[in-house]
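S.K.: Please build the complete structure, drawing on both the sequences and the hints.
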Amino acid sequence: LTGILLTHQDELPFVQNTRIPSNMLPGKYQARLDETRERQQLTEILPRETLVPLKWLVLDLHTGDFWGAWGRWYYDLIAVAFTVLASTGFYMFFKIRKNYRF
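Oh and the sequence shown: position 55 is 1472 in this note's numbering, straight run, nothing missing.
Calculated from the structure, these hints are not laboratory results. Cβ coordinates follow ideal geometry from the N, Cα and C atoms, glycine included. Just to be clear, a hint being listed does not mean it is correct.
Unchecked claim - Cβ pair distances, simulated, as ranges:
1) Gln1457 with Phe1499: 36 to 44 Å
2) Tyr1491 with Leu1423: 14 to 22 Å
3) Thr1453 with Phe1431: 14 to 22 Å
4) Lys1515 with Ile1421: 34 to 42 Å
M.R.: This is the structure we're talking about:
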């Protein structure tokens, strides 16, 4: 689902425009928001922002960054498991098919 949202974010304006209160998310989001404001030199122009773009949350859920370093490792482990399952499935399919031809 997150991959679809990221791929079609230009066609889905709610992904671009929706913001989520940072108090509902882990503290790193408010720190990231403050860091972005400082980098863009907006700290004096804009008041302290407390809303995080939905796009950030979708991207972090997609990559596993939402759960920190362990989330990325978990997603990598799942990817390896799916690769092994797909490989063994293809092997078994073609092996069985080869042995039982009429």
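S.K.: Is the distance from the Cβ of glutamine 1457 to the Cβ of phenylalanine 1499 consistent with 36 to 44 Å?
M.R.: 39 Å, holds
S.K.: If you check the beta carbons of tyrosine 1491 and leucine 1423, does the distance land in 14 to 22 Å?
M.R.: 19 Å, holds
S.K.: Would you say the C-beta atoms of threonine 1453 and phenylalanine 1431 sit inside 14 to 22 Å of each other?
M.R.: 21 Å, holds
S.K.: Is it true that the C-beta distance of lysine 1515 to isoleucine 1421 lies inside 34 to 42 Å, as the hint says?
M.R.: Check passed, 37 Å falls within 34 to 42 Å.
Hint compliance for this structure: no hint is broken.
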